[in-house]
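Peer 1: Chains as they are written, first to last, in my numbering: chain A, 4 to 227; chain B, 4 to 227.
Think of the hints as simulated: they come from the structure by calculation, not from any bench. Among the hints, a few may not be true.
Same chains, same names: a pair is fine if it fits in one copy or spans any two.
Here are the simulated BS3-like pairs of lysine-lysine, each with C-alpha atoms no more than 25 Å apart in a straight line [stated by the list, open to error]:
#1 K225 with K185
#2 K187 with K225
#3 K81 with K185
#4 K81 with K34
#5 K61 with K196
#6 K81 with K223
#7 K205 with K185
#8 K34 with K187
#9 K225 with K81
#10 K205 with K225
#11 K13 with K225
#12 K187 with K81
#13 K223 with K13
#14 K187 with K63
#15 K196 with K32
#16 K61 with K185
#17 K187 with K32
#18 K223 with K196
#19 K34 with K196
#20 K13 with K196
#21 K187 with K13
#22 K81 with K196
Predicted model only: the values in this text are computed from it and were never measured.
There are 2 protein chains.
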Amino acid sequence: MDPVRVIEIKKSVFADNELDANNLRNELKTKGVYLLNLMSSPGSGKTTTLIRTIGLLKDKIRMAVMEADIDSDVDAVKIKEATGIQSIQLHTGGMCHLDAEMTRQGLDNVSLDQLDLVILENVGNLVCPAEFDTGAVSSAMILSVPEGHDKPLKYPLMFSVCDVVVVNKMDVLPYFDFDLEKCKAYVHMRNPKATVIPICAKTGEGVEVFAQWLLDEVTKWKQQ
Amino acid sequence: MDPVRVIEIKKSVFADNELDANNLRNELKTKGVYLLNLMSSPGSGKTTTLIRTIGLLKDKIRMAVMEADIDSDVDAVKIKEATGIQSIQLHTGGMCHLDAEMTRQGLDNVSLDQLDLVILENVGNLVCPAEFDTGAVSSAMILSVPEGHDKPLKYPLMFSVCDVVVVNKMDVLPYFDFDLEKCKAYVHMRNPKATVIPICAKTGEGVEVFAQWLLDEVTKWKQQ
């Protein structure tokens, strides 16, 4: 297998990230490519969830993944080894988030013309990534059971900008004080329209619900 | 019980955070107060670890806690209810970290003259808080088992600026692919001098090791 490509992305020089993000979305629309921005805390299971999701979708749509991290290429290598799809690693040079221009630098390194879906795995962080529109069509986040159901109270913006909140590690629910109903109520306090999807990425349980949501989104985007 | 005080801290106007942090440390030295900066991902168990630690130390030294969060006062209330010590909530106005001036704004609201130790629970985030010297005498971080042992590879700065890495949620080790020896090796790759302390904040196991380290540090600081 070829080694995973590591792209060193540079800090954005554009002043107007919102304009830049809208331009990027329009370009993606023209090309018929859907971009999903996936966010979470460090260690909540973004990569494992992605591997499961890709397994369910890769024979239905053409997809690639961009893994953003401050350092290392462990995630991009994992995705490539487990799924065989195009997977590149973005190094943010210490930056805690990606903006639209940084996302574009990543997209310049995938074969957009041959793709229906690109998933951006953002830097593991519940604060800064929520503040920057990456140009994605939608944003999803993963909250894992061990983190606790009170997170929407503490990180309001993250929960208000996400269309989907995936609740991962449901298999360890018996060992943690995590109340799914309270979690849903807190999520909806921040964003009444958010869809909450409980899963266990380790066993794959529930991942088909998230995969179906994503497939429907991509189909709609390409038909609109 | 009186309600917890919530302080809205403002973004720093000082250009030279390093100078400001050193000035703050010198002032604390003069007053004989030790400041610990405690960092971690969201949901790794900072507050529960603090409650256990305070339980072991509050009859030996005079201590207070400052809880920094973007929103809510759940942590400060928890600490106050569980331990009875002075506990204030700092709201960062959306900011992802605290710098020295923001820390000082918090310290202006605790009774420094009657204290030996102040613990600052920083915003839950493995990226930005590591970049700003708060003026603390030392920094510690908590990594919890569910987050995975690879975190020092992905968040190098956080692990290199911390004197102590507490590994929390050791009780759920059987349910996660977490290798403590690998974790220690990765931590020491980033910071050869870091002390790694495995604990379970839920049961209290191992917390006495962290509490003793902290007590020794405060004692040394006051004698120097």
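Peer 1: Quick one: which hint numbers does this structure break? Sort them smallest to largest.
Peer 2: 1, 2, 4, 5, 6, 8, 9, 10, 11, 13, 14, 16, 17, 19, 20, 21, 22
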